[in-house]
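J.: As you go down the protein sequences, you meet chains A and B in turn. Every letter in the first sequence is one number past the one before it in numbering that gives the first Met the number 0, and letter 355, counting from 1, is 354. Every letter in the second sequence is one number past the one before it in numbering that gives the first Met the number 0, and letter 132, counting from 1, is 131.
Some clues are possibly wrong.
As the list claims (entries may be wrong) - Straight-line distance between alpha carbons at most 25 angstroms, and here's what the computed SDA-like set of lysine to any residue pairs gives: (1) B:Lys91 / A:Pro410; (2) A:Lys80 / B:Lys474; (3) B:Lys474 / A:Gly423.
Claimed, not checked - Simulated coverage check for chain B against chain A, where a stretch passes if three residues somewhere in it have a Cβ under 8 angstroms from a Cβ of chain A: (4) 123-132; (5) 411-422.
As the list claims (entries may be wrong) - Derived CB-CB ranges, DEER-like: (6) A:Thr404 / B:Arg333: 19 to 25 angstroms; (7) A:His210 / B:Leu28: 38 to 44 angstroms; (8) A:Thr404 / B:Asp486: 17 to 23 angstroms; (9) B:Leu398 / A:Arg112: 50 to 56 angstroms; (10) A:Glu388 / B:Glu330: 39 to 45 angstroms; (11) A:Arg112 / B:Lys405: 36 to 42 angstroms; (12) B:Pro207 / A:Glu448: 47 to 53 angstroms; (13) B:Arg159 / A:Tyr459: 56 to 62 angstroms.
These are calculated hints, taken from the structure and not from any lab test. Keep in mind the model is a prediction, meaning the values are calculated, not measured. Think of the CB as a built atom: it goes at the ideal place given N, C-alpha and C, for glycine as much as any other residue.
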Amino acid sequence: MEEQAVSYRSVNENPCHMCMPIGAILPFKGVERSMVLIHGSQGCSTYMRRHISEHFNEPVDVGSSSLNEKGTVYGGEANLKQGLDNLIKIYHPSLIGVLTTCLAETIGEDIDRIGQEYLRERKMDNFPLVTVPTPGYGHSHSEGFSLAVKRILARLARKSPSHGRINVLVPNISPADLREIKRLLEIMGVRYTLLPDFSETLDAPFTSPYHKIPSGGTGLNSIREMPGAIATLQMGVTLEEGFSPGKYLEEEYRVPLFNLPLPIGLENTDTFIRSLQKVTGAPVPEILLKERGRLLDAMVDAHKYNFAGRCIIFGEPELVYAMAGTCLENGVTPVAVATGGKGAKLKTLLQTLRDRYAADAPDTGNGKGVGPVFLPEADFDIMRRTARERGANLAIGHSGGKYLTEKEGIPLVRMGFPIHDRVGGQRIFSAGYAGTTVFLDRITNTLLERKLSGYRERIYRQFYRGKKYDLV
Amino acid sequence: MGLREQDIDSILDVYPAKVKRNRKKHILLRDTALETQEIEANARTIPGIISNRGCAFAGCKGVVLGPLKDFVHIVHGPIGCAYYTWGTRRNKARIEDPKQYFLNYCFSTDMQESDIVFGGEKKLAGMIDEVVETFHPNAIAVTATCPVGLIGDDIQAVAREAEKRHGVPVMAFNCEGYRGVSQSAGHHIANNGLMEHVIGRGDLEEPPTRFAVNMLGEYNIGGDSWEIERVLRDIGYEVIAVMTGGGSFETLKNAHVANLNLVQCHRSINYIADMLEKKYGTPWLKINFIGINNTIQSLRNMAVYFGDAKLQERTEEVIAREMSRVEPVLEQYRKICQGKTAFCFVGGSRGHNYQGIFAELGVETILAGYEFAHRDDYEGRAIIPQIKINADNQNIPELTVEPDKKRFRMKVSPEKMAELQEKIPLCEYKGMIVEMQSSSLIVDDLNHFETEAFIERLKPDIFCSGIKDKYVAHKMGVPSKQLHSYDYSGPYYGFKGAVKFAQDITMGFVSPTWNYITPPWKNKPLLKGDVQKEEVQNVGLYTKRT
Numbered sequence: 000m001e002e003q004a005v006s007y008r009s010v011n012e013n014p015c016h017m018c019m020p021i022g023a024i025l026p027f028k029g030v031e032r033s034m035v036l037i038h039g040s041q042g043c044s045t046y047m048r049r050h051i052s053e054h055f056n057e058p059v060d061v062g063s064s065s066l067n068e069k070g071t072v073y074g075g076e077a078n079l080k081q082g083l084d085n086l087i088k089i090y091h092p093s094l095i096g097v098l099t100t101c102l103a104e105t106i107g108e109d110i111d112r113i114g115q116e117y118l119r120e121r122k123m124d125n126f127p128l129v130t131v132p133t134p135g136y137g138h139s140h141s142e143g144f145s146l147a148v149k150r151i152l153a154r155l156a157r158k159s160p161s162h163g164r165i166n167v168l169v170p171n172i173s174p175a176d177l178r179e180i181k182r183l184l185e186i187m188g189v190r191y192t193l194l195p196d197f198s199e200t201l202d203a204p205f206t207s208p209y210h211k212i213p214s215g216g217t218g219l220n221s222i223r224e225m226p227g228a229i230a231t232l233q234m235g236v237t238l239e240e241g242f243s244p245g246k247y248l249e250e251e252y253r254v255p256l257f258n259l260p261l262p263i264g265l266e267n268t269d270t271f272i273r274s275l276q277k278v279t280g281a282p283v284p285e286i287l288l289k290e291r292g293r294l295l296d297a298m299v300d301a302h303k304y305n306f307a308g309r310c311i312i313f314g315e316p317e318l319v320y321a322m323a324g325t326c327l328e329n330g331v332t333p334v335a336v337a338t339g340g341k342g343a344k345l346k347t348l349l350q351t352l353r354d355r356y357a358a359d360a361p362d363t364g365n366g367k368g369v370g371p372v373f374l375p376e377a378d379f380d381i382m383r384r385t386a387r388e389r390g391a392n393l394a395i396g397h398s399g400g401k402y403l404t405e406k407e408g409i410p411l412v413r414m415g416f417p418i419h420d421r422v423g424g425q426r427i428f429s430a431g432y433a434g435t436t437v438f439l440d441r442i443t444n445t446l447l448e449r450k451l452s453g454y455r456e457r458i459y460r461q462f463y464r465g466k467k468y469d470l471v
Numbered sequence: 000m001g002l003r004e005q006d007i008d009s010i011l012d013v014y015p016a017k018v019k020r021n022r023k024k025h026i027l028l029r030d031t032a033l034e035t036q037e038i039e040a041n042a043r044t045i046p047g048i049i050s051n052r053g054c055a056f057a058g059c060k061g062v063v064l065g066p067l068k069d070f071v072h073i074v075h076g077p078i079g080c081a082y083y084t085w086g087t088r089r090n091k092a093r094i095e096d097p098k099q100y101f102l103n104y105c106f107s108t109d110m111q112e113s114d115i116v117f118g119g120e121k122k123l124a125g126m127i128d129e130v131v132e133t134f135h136p137n138a139i140a141v142t143a144t145c146p147v148g149l150i151g152d153d154i155q156a157v158a159r160e161a162e163k164r165h166g167v168p169v170m171a172f173n174c175e176g177y178r179g180v181s182q183s184a185g186h187h188i189a190n191n192g193l194m195e196h197v198i199g200r201g202d203l204e205e206p207p208t209r210f211a212v213n214m215l216g217e218y219n220i221g222g223d224s225w226e227i228e229r230v231l232r233d234i235g236y237e238v239i240a241v242m243t244g245g246g247s248f249e250t251l252k253n254a255h256v257a258n259l260n261l262v263q264c265h266r267s268i269n270y271i272a273d274m275l276e277k278k279y280g281t282p283w284l285k286i287n288f289i290g291i292n293n294t295i296q297s298l299r300n301m302a303v304y305f306g307d308a309k310l311q312e313r314t315e316e317v318i319a320r321e322m323s324r325v326e327p328v329l330e331q332y333r334k335i336c337q338g339k340t341a342f343c344f345v346g347g348s349r350g351h352n353y354q355g356i357f358a359e360l361g362v363e364t365i366l367a368g369y370e371f372a373h374r375d376d377y378e379g380r381a382i383i384p385q386i387k388i389n390a391d392n393q394n395i396p397e398l399t400v401e402p403d404k405k406r407f408r409m410k411v412s413p414e415k416m417a418e419l420q421e422k423i424p425l426c427e428y429k430g431m432i433v434e435m436q437s438s439s440l441i442v443d444d445l446n447h448f449e450t451e452a453f454i455e456r457l458k459p460d461i462f463c464s465g466i467k468d469k470y471v472a473h474k475m476g477v478p479s480k481q482l483h484s485y486d487y488s489g490p491y492y493g494f495k496g497a498v499k500f501a502q503d504i505t506m507g508f509v510s511p512t513w514n515y516i517t518p519p520w521k522n523k524p525l526l527k528g529d530v531q532k533e534e535v536q537n538v539g540l541y542t543k544r545t
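Looking at chain A on its own, in the form it has when it is part of the complex (with noise of 0.2 angstroms):
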């Protein structure tokens, strides 16, 4: 496989990730009637609740702590636990997460100790606290993410008999693709516990009056008995084992794991369903055969626009795996991907999913040959350069992709976390044969629209060129 040198360079430029922290507030929000409050200074808070708050139009409450120099120099219990009074009398969540910031990692805030005192002294011993050791410096918000779900679990679950349900992990997707997940799980007619959910909170209906904490998110009962279910299918093959909750679950509670790629694709939908098959043993209901008939129809029908399409593909680890497979299976090329990190599980995989087609694959004139490349610790500046080396026509993936867009005219499918230069980032819709046919159309129309825009004026080009005709 081809791959670039990990990057040799101090600088980044323009990057394609955030920090732990912002990753970390997200399963929180799919907790039925959590809070987060994060230790450090407000900055923190402030900043990760504008941009999720942008990325979704929804209110997004998270605390602070409000460290400044006192609390830096003595250290920042009083502020946490004073936080933690101030937010549970004001919001009265039933789960609070606790998130770390630089600073409180930096200065040495042992949150554990503090959350243990915390509810000792106040004689809230059997209160969930969550304390999720989140630096930014440490990971990316991906990581922020998979780690809190498993700090949810290992503070919340216990042995419980079997209840015949299964867990369903997912990494970071939108409420709508949330929401399509929950229908197909309800068609197939499994019975689930989905974590995080927060396909109500973060996407909440207009309703009156204004609650604090919307409704939705995963019952907090329902995360206690995880361990009496069947087994695990959590949409995490890019996970690193540190970061997997399905592996927590599988060590401690002996629920078994499958990991799968998120249902984004017709083949990943096939492996969802599949899946779901084999806890069932019911047929696939003619619903979802319709459905996936109907994918197929529009991949058949799409499949001369999109061998035009070379990609670049980046955002999160999960996402961008399923969105590489999607193009391949439709003869679009991606020719890189990245996520902003090393991403040493994603490159493995890429790279099988890359040998399985390139067999098939022609070589389309221009000798760049098949993807998927990753690009390992990718800024947008290295994406930039690898797009025209490789004569990307395409880009998809979140809003920091713009700047393709500004500097080298590449048009952008927006897709994944965060979209903020464009409302509906919370509805976008790609899981499942319905979502992935509404995907294939954004990527297919996208293609013709750059095709058609110039249309006129190429073929004047090609054919007239030189020649005094006019164009009519």
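Once you've looked at the hints, dock chain B against the given chain A.
T.: What follows is chain B alone, placed relative to chain A:
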């Protein structure tokens, strides 16, 4: 309509007693019968309360330095803080030299755990080298995030060395997030740095014209400053430097030659205004270019300052011309806005500065406040000597400046100054409180809980704040206007901006969307005789809360 002290008390009852006592001091019921009213401000944020405040880094890099277009802004720290300040403020700039324009870039040293353990100075120095080699920027600003100060990276030394090595101005700002109580600390740090490293660095000794001004505390959100510059140039002013919207190292370095400094946002830039007066003898004038009346008043005050008959004449000509263009248009919007009420909670200056335009449109500001202002922004500068210095505000080093031996020119004699101060707010700002109506509410550091409680009690027709709280208002069925980034709209300043603003908030009032909040099956049965009348009332203006 209007709250009483006991109403405020009952709202705050949700808090633990200590918190309630604290918050009470930050909330003021305006009583115009009183000579002065005090409010607590620039104090520590209460932990766990969902405040809208940011940190010193946000104030320094995000607000004051960020808009400078020919700087490469290197954020020294882990990746997050750089990402979060990447193009989020909508500060626009004209590209004069495409090679010296870096606003759409985001640079981070992306510190990893090993950098935290072993120090990040080398990485930073290496990055500065790469940046110089690749971009050749006019200047480089290094801003620190939390861990930098804690692990003891000496970014000042790294910057000094790099400047020597490359001959390019490199300046470092120790604006770690934990400094001070809000972004206000960061403004101060940025002001000091610009004064120390940029202003006065140019060779210009004399202004190109007598009517040379700087515009301070103007960040060109959505193009605000362009509208003001258009009018100022038309009158005959030369704008030397804008601090910092659309500004640059190239223009700021000659800011010392101006004959007057205009101050739009008092909070974020008053330090520079003060220091320019001490060092170069240039006084500052508090202007406000938001709203027609305020714009006109500001232009006239400027003309009074310069005391030139021709300039005054031209000022009146331009005002008359602009008025004839905008007044008829504004009149249409006024008819719709008349009688409405607004919350105006912004920053350290706009919470006050926007009240004028609301009043012109017939919208009463019933609650206003600042996120991070100081008492002088509420009570006026006269209060400054009485503000207690405490552990939180004393650790931003004061920069002491002396009159510049070569360049100090007293622009206005003390006698003339006294005379002018009778007429215009020269080196003076009276703050928000004096301009507010009785029984209106002033809230410092408004948080999510209070936002919701006050919206519920006071039922404003529009809620003006930022992106983090606007969705709360939306969910409560109240239109909002982001006064930080204007919801991708603007400019709102000056004459044309006033029209744009009026149009935008009117749109909020009359959007048909509000009529659908109550579904038809919750209304009266549709087949009754009085239905038509009902329907007519529902079409058109948003009438939910009559």
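J.: A separate judgement is required for each hint: does it hold in the structure or not?
T.: Hints versus structure:
1. B:Lys91 / A:Pro410: holds (23 angstroms)
2. A:Lys80 / B:Lys474: Outside the cut-off at roughly 31 angstroms; violated.
3. B:Lys474 / A:Gly423: holds (16 angstroms)
4. 123-132: holds (count 5)
5. 411-422: Since 0 is below three, the answer is violated.
6. A:Thr404 / B:Arg333: 19 to 25 angstroms: violated (40 angstroms)
7. A:His210 / B:Leu28: 38 to 44 angstroms: With a Cβ separation near 29 angstroms, A:His210 and B:Leu28 fall outside 38 to 44 angstroms, so the hint is violated.
8. A:Thr404 / B:Asp486: 17 to 23 angstroms: Between A:Thr404 and B:Asp486, where Cβ atoms are some 22 angstroms apart, the hint holds.
9. B:Leu398 / A:Arg112: 50 to 56 angstroms: For A:Arg112 against B:Leu398, whose Cβ atoms are near 41 angstroms apart, the range 50 to 56 angstroms is violated.
10. A:Glu388 / B:Glu330: 39 to 45 angstroms: Distance hint for A:Glu388, B:Glu330 is violated at roughly 58 angstroms.
11. A:Arg112 / B:Lys405: 36 to 42 angstroms: Cβ of A:Arg112 to Cβ of B:Lys405: about 60 angstroms, so the range 36 to 42 angstroms is violated.
12. B:Pro207 / A:Glu448: 47 to 53 angstroms: holds (49 angstroms)
13. B:Arg159 / A:Tyr459: 56 to 62 angstroms: Given a distance of about 58 angstroms, which is inside 56 to 62 angstroms, the answer is holds.
Violation of the numbered hints given earlier is confined to hints 2, 5, 6, 7, 9, 10 and 11; the remaining hints are satisfied by the structure.
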